[in-house]
Amino acid sequence: MVFITGPLYSGKRTFAQKLGGTCCFEVQKQAETTEDLEALAKILSEKYDIITATEVGGGVVPVDATERANREKAGRLACLLAARADCVVQMFCGIPTVLKGELPK
Amino acid sequence: MLTLVIGGAASGKSAYAESLTLKLPLPRYYVATMQVWDEECAKRVEKHRAMRKEKQFETIESPISIDKIRIPNRGIVLLEDLGNLTANELYDPKGAGVNTAEAVLYGVEILHKQCEHLIVVGNEVFSGGAEYADETDLYLKALAQIQNGIAARADHVCRVVCGIPVYYKGGGKV
Numbered sequence: 001m002v003f004i005t006g007p008l009y010s011g012k013r014t015f016a017q018k019l020g021g022t023c024c025f026e027v028q029k030q031a032e033t034t035e036d037l038e039a040l041a042k043i044l045s046e047k048y049d050i051i052t053a054t055e056v057g058g059g060v061v062p063v064d065a066t067e068r069a070n071r072e073k074a075g076r077l078a079c080l081l082a083a084r085a086d087c088v089v090q091m092f093c094g095i096p097t098v099l100k101g102e103l104p105k
Numbered sequence: 106m107l108t109l110v111i112g113g114a115a116s117g118k119s120a121y122a123e124s125l126t127l128k129l130p131l132p133r134y135y136v137a138t139m140q141v142w143d144e145e146c147a148k149r150v151e152k153h154r155a156m157r158k159e160k161q162f163e164t165i166e167s168p169i170s171i172d173k174i175r176i177p178n179r180g181i182v183l184l185e186d187l188g189n190l191t192a193n194e195l196y197d198p199k200g201a202g203v204n205t206a207e208a209v210l211y212g213v214e215i216l217h218k219q220c221e222h223l224i225v226v227g228n229e230v231f232s233g234g235a236e237y238a239d240e241t242d243l244y245l246k247a248l249a250q251i252q253n254g255i256a257a258r259a260d261h262v263c264r265v266v267c268g269i270p271v272y273y274k275g276g277g278k279v
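If you read the sequences in order, they're chains A and B. Counting from 1, position 34 in the first sequence corresponds to residue 34 in our numbering; the numbering is continuous, with no gaps. All you need for our numbering is the position in the second sequence, starting with 1, plus 105.
By construction, these hints were calculated from the structure, which means they are not laboratory data. Predicted model only: the values in this text are computed from it and were never measured. Mixed in with the good hints there might be a few duds.
[To be verified] Within a straight-line C-alpha distance of at most 20 Å, the following computed SDA-like cross-link-like pairs (lysine to any residue) qualify:
hint, chain 1, residue 1, chain 2, residue 2
1, B, Lys128, B, Ile174
2, A, Lys29, B, Ser232
3, B, Lys246, A, Phe25
4, A, Lys29, B, Lys158
5, A, Lys29, B, Lys274
6, B, Lys246, A, Lys100
7, A, Lys29, B, Asp242
8, A, Lys29, B, Glu236
9, B, Lys173, B, Lys160
10, A, Lys73, B, Glu236
11, B, Lys158, B, Leu131
12, A, Lys73, B, Asp239
13, B, Lys158, B, Glu123
14, B, Lys246, B, Tyr272
15, B, Lys128, B, Lys160
16, B, Lys274, B, Leu131
17, A, Lys29, B, Lys128
18, A, Lys29, B, Gly233
19, B, Lys274, A, Ala65
20, A, Lys29, B, Lys246
21, B, Lys274, A, Lys73
22, A, Lys18, A, Gly59
23, A, Lys73, A, Thr97
24, A, Lys100, B, Lys160
25, B, Lys274, A, Gly59
[As the list claims (entries may be wrong)] Covered stretches of chain B, going by a simulated chain A footprint (3 or more residues, C-beta under 8 Å):
hint, segment
26, 119-131
27, 162-175
28, 235-247
Positions of the beta carbon are idealized from the N, C-alpha and C atoms, including for glycine.
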């Protein structure tokens, strides 16, 4: 599985579609509605070739408690997916950087 | 040659972009995008203008419509910054409005054609969340479209972190 992370609107989806394979986008949203992040990471990584998540932890700590918890979950899920991934890519301004492993041929 | 220098608030992106410019031959132009609202803004603009004059920059003020700029002589142009320009185009009644991204990308292309090397300063504001209110989302989408578009065309893309340039494209031999 290839895990693609990166800031909002950094070109994650476009890059994922170029790679080809079954995709699941914006999984940080799924983190919000689960209590078991380990199980979610396992299901996602077994089901999809490519998973994308938006980095949401690079701003000021949100005042709202729910937003704070969601941000925490998004970060944790990303770590779990990155650990399971064969390849981790970070997008920046539409430019991919491979942080782990190698892109599939 | 086209270089995009991008970074967060107070990351050292401006100083780095300026240092690149100073290594290159004259003439040297600075396209300033700040909208002058009041006396305080005017004073700040005047101060910056004087500072840049010492570094042999000629300042061109253009808060919107950078495609209308005519650069007097071929040389180096430093455009700063895209975050400001995008806000001006979106919110100024005379700005490009819903066509902001296209207008700014077109303007950058026109500027690039008129100089030897265009250095553009952009803003890293996309890592603090994924869901924003409509108005903010519109701004972020436009800015991302502009910055990603310039990055795709640029010879060099550099992210400045704590004053240190990290090259994503072009390797830094500017």
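Q.
So, against the hints stated earlier in the document, which numbers end up violated here?
A. 1, 4, 5, 6, 9, 12, 14, 16, 17, 19, 21, 22, 23, 24, 25, 26, 27
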